[in-house]
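Chemist: Those protein sequence lines, which keep their order, are chains A and R.
Just so we're aligned, residue 1 is where the first sequence starts under the numbering used here, counting upward by one.
Just so we're aligned, residue 1 is where the second sequence starts under the numbering used here, counting upward by one.
Just to be clear, a hint being listed does not mean it is correct.
Unchecked claim - Here are the simulated lysine-lysine pairs, DSSO-like style, with alpha carbons at most 27 Å apart:
| id | chain 1 | residue 1 | chain 2 | residue 2 |
| --- | --- | --- | --- | --- |
| 1 | R | Lys410 | R | Lys552 |
| 2 | R | Lys410 | R | Lys370 |
| 3 | R | Lys541 | A | Lys22 |
| 4 | A | Lys22 | R | Lys462 |
| 5 | R | Lys529 | R | Lys399 |
| 6 | R | Lys423 | A | Lys22 |
| 7 | A | Lys75 | A | Lys22 |
| 8 | A | Lys155 | A | Lys136 |
| 9 | R | Lys410 | A | Lys22 |
| 10 | A | Lys77 | R | Lys370 |
| 11 | A | Lys270 | A | Lys219 |
| 12 | A | Lys132 | R | Lys370 |
| 13 | R | Lys473 | R | Lys423 |
| 14 | R | Lys462 | R | Lys410 |
| 15 | R | Lys423 | R | Lys410 |
| 16 | R | Lys462 | R | Lys529 |
| 17 | A | Lys42 | A | Lys22 |
| 18 | A | Lys155 | A | Lys196 |
| 19 | R | Lys370 | A | Lys69 |
| 20 | A | Lys196 | A | Lys175 |
| 21 | A | Lys176 | A | Lys69 |
| 22 | A | Lys22 | A | Lys47 |
| 23 | R | Lys399 | R | Lys435 |
| 24 | R | Lys370 | A | Lys75 |
Hints in this document: simulated from the structure, not taken from any laboratory.
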Amino acid sequence: MIAMETILLVEDDEMISEIYEKKLVQSGYSVELSMNGEDAVKKMQAKTYNLVLLDLVLPGLNGISVLQKLSHDGKNKLPSPTIVFSNLNDPDNQEAAFRYGASGFLPKSQFNPSELVQEVQRHIRESQEREKNDQKRSQDNHSHQSEMVDVIQQKHILFVEDEEVFVSLFVDRLKKEGYRVTVAQTGVEALDVLKKEGVDIVVTDVLLPTMRGDEFIMKIRHNEELKSLPILVISASATDEQVAMINAVGVQGFFLKTRITPSELAMNIKNIIG
Amino acid sequence: MFCQEIFDLYYFIFTDSISRLVYYSHIPAMAVALFAGFFVFLKTKNLAGKLLLAVMVSFSLWVSIDLILWTSSHSGIISFFWSLLGLVYAVMSLLFFYFGYVFSFEKDMPFSLKMVLLFLLLPLVLLLPSTFNIRGVDLFSCESEEGFLYTMYYYGIGFIAFFMTLFLLFTYKRRVAKENRKKVMYVLLGISFFLLTFFFFGVLSSYFYNLGFSSTFYFEQFGLFGMIFFIVLLAYLMVKHHIFQIKLLSAQVLIISLAFLIASQYFYIRTWQNYILTSITLILVIVGGVILVRVIKRDMERKNELQIMADKLAQANQRLKKLDQAKSEFISIASHQLRTPLTAIKGFISLILEGSYGNIDAPVRSALNKVYLSNERLIQLVEDLLSISRIESGRLEYKFRYWNIEEIVKDVVDMFRLRAREKGLDLELELPEHKLPEIYIDGEKIREVISNLIDNATKYTKRGYVRVRVEEKGENVQIIIQDSGIGIIAEDIPYLFEKFSRGKDTNRLHANGTGLGLYVGKQIVKAHKGGLYAFSEGEDKGSSFVIELLIKKEKEGEKEKGEKEEKEDDGEGLHEREE
Numbered sequence: 001m002i003a004m005e006t007i008l009l010v011e012d013d014e015m016i017s018e019i020y021e022k023k024l025v026q027s028g029y030s031v032e033l034s035m036n037g038e039d040a041v042k043k044m045q046a047k048t049y050n051l052v053l054l055d056l057v058l059p060g061l062n063g064i065s066v067l068q069k070l071s072h073d074g075k076n077k078l079p080s081p082t083i084v085f086s087n088l089n090d091p092d093n094q095e096a097a098f099r100y101g102a103s104g105f106l107p108k109s110q111f112n113p114s115e116l117v118q119e120v121q122r123h124i125r126e127s128q129e130r131e132k133n134d135q136k137r138s139q140d141n142h143s144h145q146s147e148m149v150d151v152i153q154q155k156h157i158l159f160v161e162d163e164e165v166f167v168s169l170f171v172d173r174l175k176k177e178g179y180r181v182t183v184a185q186t187g188v189e190a191l192d193v194l195k196k197e198g199v200d201i202v203v204t205d206v207l208l209p210t211m212r213g214d215e216f217i218m219k220i221r222h223n224e225e226l227k228s229l230p231i232l233v234i235s236a237s238a239t240d241e242q243v244a245m246i247n248a249v250g251v252q253g254f255f256l257k258t259r260i261t262p263s264e265l266a267m268n269i270k271n272i273i274g
Numbered sequence: 001m002f003c004q005e006i007f008d009l010y011y012f013i014f015t016d017s018i019s020r021l022v023y024y025s026h027i028p029a030m031a032v033a034l035f036a037g038f039f040v041f042l043k044t045k046n047l048a049g050k051l052l053l054a055v056m057v058s059f060s061l062w063v064s065i066d067l068i069l070w071t072s073s074h075s076g077i078i079s080f081f082w083s084l085l086g087l088v089y090a091v092m093s094l095l096f097f098y099f100g101y102v103f104s105f106e107k108d109m110p111f112s113l114k115m116v117l118l119f120l121l122l123p124l125v126l127l128l129p130s131t132f133n134i135r136g137v138d139l140f141s142c143e144s145e146e147g148f149l150y151t152m153y154y155y156g157i158g159f160i161a162f163f164m165t166l167f168l169l170f171t172y173k174r175r176v177a178k179e180n181r182k183k184v185m186y187v188l189l190g191i192s193f194f195l196l197t198f199f200f201f202g203v204l205s206s207y208f209y210n211l212g213f214s215s216t217f218y219f220e221q222f223g224l225f226g227m228i229f230f231i232v233l234l235a236y237l238m239v240k241h242h243i244f245q246i247k248l249l250s251a252q253v254l255i256i257s258l259a260f261l262i263a264s265q266y267f268y269i270r271t272w273q274n275y276i277l278t279s280i281t282l283i284l285v286i287v288g289g290v291i292l293v294r295v296i297k298r299d300m301e302r303k304n305e306l307q308i309m310a311d312k313l314a315q316a317n318q319r320l321k322k323l324d325q326a327k328s329e330f331i332s333i334a335s336h337q338l339r340t341p342l343t344a345i346k347g348f349i350s351l352i353l354e355g356s357y358g359n360i361d362a363p364v365r366s367a368l369n370k371v372y373l374s375n376e377r378l379i380q381l382v383e384d385l386l387s388i389s390r391i392e393s394g395r396l397e398y399k400f401r402y403w404n405i406e407e408i409v410k411d412v413v414d415m416f417r418l419r420a421r422e423k424g425l426d427l428e429l430e431l432p433e434h435k436l437p438e439i440y441i442d443g444e445k446i447r448e449v450i451s452n453l454i455d456n457a458t459k460y461t462k463r464g465y466v467r468v469r470v471e472e473k474g475e476n477v478q479i480i481i482q483d484s485g486i487g488i489i490a491e492d493i494p495y496l497f498e499k500f501s502r503g504k505d506t507n508r509l510h511a512n513g514t515g516l517g518l519y520v521g522k523q524i525v526k527a528h529k530g531g532l533y534a535f536s537e538g539e540d541k542g543s544s545f546v547i548e549l550l551i552k553k554e555k556e557g558e559k560e561k562g563e564k565e566e567k568e569d570d571g572e573g574l575h576e577r578e579e
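One chain only, chain A, in its complex shape (with noise of 0.2 Å):
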């Protein structure tokens, strides 16, 4: 288990941080608190977070003013993600964040406490995400031979899935993160590249033309070579019946389309494959 993710809440009502603390705490969080901007400021420049959520009605030095001393103007990017939680969501201060560093807005009378959570996990990851984005860029403009990885390290994903949209949009994000990724666009055609080739994970969609996702599934699973191949499957629609015989055949995990991000798919596989 990676160390604790933790966030600094920033917000001077002791009754809505208390909320805020205890929600965020049973998501598995750690959470650090402070109580007006100065202390913030301070707080920021000392450590590292991995998010911050800021209030911007504060005593003393309020939420702009920390997001402008923080960012010089804008000019620098904030030592940590940050993003405002407040009611004032009026254009003009929704600017102002953005234009210091802000990487989000949430104005909080529309977001209950638990889709908080989801937001903050979500601008979590993204900012990790943006990081290793980063990263990777300034490596590339170093040396160019760092793309060159091990081919015979690599893991290998069957990914299938027969809408061309998909494809691209999570194919291209797991190869970014240096799998090999083979794309069968049929459940004959996936079990095809099972025979042939040795596969690490399989990801796999419900709907498919031909044999279902689900007939795929069984067939892997009552193979005796394959049985312990970790599957995933994404889905955008799938029944009630569906769901219910893939859980009981037994996946490592089952995805709705609409509520996973390519970034979560290749961390979920990250999980299990390494």
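Chain A is already provided as a structure; the job is to place chain R on it using the hints.
Modeler: The following block gives chain R in isolation, referenced to the frame of chain A:
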């Protein structure tokens, strides 16, 4: 018996000295025919009605003449009435055919055909007073000696009428709309049968008499039963095919027979007091009867209208149900299709925001963030639509087990504390003093319902409070969510739990509801055999929502039961209560 011997006649035709069958065959046939003729005439007033009346009048005329001939022994009377007999018979036969024609095709006969029929009658009229018609009267038997040719001629006309009706009977199908065919067939069948029997027995009796086999025209009266048969058919059509309103008919028959019964007292009343009394009774019965008949008539007309409207409504309802089904299917399919582009939008925006395609400027980031969040809302909307179509088609699966309802409520309320605080609302939670037993529910779905209600309460309340109360009430647990918000207009309450309905004026408020929450909530609670109710004293007077769930004591076999009942639930009918 000699003809000159005067019978002791009363009321012109009644005598004890002739066969009883004559009365039985003549009088009821005449009465029924006249009644039917007038009844239909008054009811319809169209050409067919008039013709039927004409048929029945001519028939009655014939019957009365015949009756007079049977009973009379005066040679002058006999020869006069006898001479009319043939003409009346011919006119009646042709009129009957005419009626059959008009009834079948619902239009008048062509002029040329009418002329032909009239022309056929001409010789009968011209030769009526001549010896071609009646050669003389047999004073011994009181019967006339008929002219052979004249007799054959008018029976011939009867046969032609029969034959033409038969022709109609074989050819009507081509010209009559399908739904009318049955009654046309019955009517034509009745007419031809009548014409045939009348013709057959008339000719038979004439023939027998003239040949000397029979001393009277005894057989003739059997022809009259053809009329009874026709009337019975007519009555059958009235009942079965609703030619006329039968209920009204029976009321009218009742009133008329009652009037006749009372009137018959005049035959033996001897004192003037009784005359007055009977007259008053008769008048009262007639007046009362007419009023009664009118009332029934109006009632029936209204009922008919209602029936027609009900039929139309039933049809419309059927269509709506089909439409609703089609719509559910459409939503289901469309939603599946929508998910693909939504996923692509979400995925690519997340990649852009993550910097996969290079660094992006703050304004673009701000804009993309909004796009992302809007897309998330769209995704949620699609999911909501799908869960509705699942609920409607009974495909939503419930996972029942025992849950601690207080825990659920507390958890949900905590979720909203933040927003309440931000909006300056008091969010209060009141749990019962004694711990409630665990209840058998699908906790996740009930949590959704409660969450949606508190969500609404905080959305639609600008200042004041939102109070959530859990209490035990008899066999139920009630979860009451009360607020001091914008309230609900009384007329909106019944529509609250329908799909896509929000209170009329709530649009002006900044709320992101899709309008589906309450409908889905109601369906979920109903699947638990519980209730979801809304109360409000009006606009700006706050509102309260009550979820009522059964505390079930049984433990085994509940799951299957619960699921089965959900599938049977047709998702209709709301039960609101007034506060």
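Chemist: Give a verdict on every hint.
Modeler: Each hint tested on the structure:
no.: 1; hint: Lys410/R x Lys552/R; in the structure: 21 Å, holds
no.: 2; hint: Lys410/R x Lys370/R; in the structure: 32 Å, violated
no.: 3; hint: Lys541/R x Lys22/A; in the structure: 34 Å, violated
no.: 4; hint: Lys22/A x Lys462/R; in the structure: 26 Å, holds
no.: 5; hint: Lys529/R x Lys399/R; in the structure: 15 Å, holds
no.: 6; hint: Lys423/R x Lys22/A; in the structure: 20 Å, holds
no.: 7; hint: Lys75/A x Lys22/A; in the structure: 35 Å, violated
no.: 8; hint: Lys155/A x Lys136/A; in the structure: 20 Å, holds
no.: 9; hint: Lys410/R x Lys22/A; in the structure: 14 Å, holds
no.: 10; hint: Lys77/A x Lys370/R; in the structure: 21 Å, holds
no.: 11; hint: Lys270/A x Lys219/A; in the structure: 25 Å, holds
no.: 12; hint: Lys132/A x Lys370/R; in the structure: 24 Å, holds
no.: 13; hint: Lys473/R x Lys423/R; in the structure: 32 Å, violated
no.: 14; hint: Lys462/R x Lys410/R; in the structure: 23 Å, holds
no.: 15; hint: Lys423/R x Lys410/R; in the structure: 20 Å, holds
no.: 16; hint: Lys462/R x Lys529/R; in the structure: 33 Å, violated
no.: 17; hint: Lys42/A x Lys22/A; in the structure: 24 Å, holds
no.: 18; hint: Lys155/A x Lys196/A; in the structure: 16 Å, holds
no.: 19; hint: Lys370/R x Lys69/A; in the structure: 26 Å, holds
no.: 20; hint: Lys196/A x Lys175/A; in the structure: 21 Å, holds
no.: 21; hint: Lys176/A x Lys69/A; in the structure: 36 Å, violated
no.: 22; hint: Lys22/A x Lys47/A; in the structure: 22 Å, holds
no.: 23; hint: Lys399/R x Lys435/R; in the structure: 24 Å, holds
no.: 24; hint: Lys370/R x Lys75/A; in the structure: 24 Å, holds
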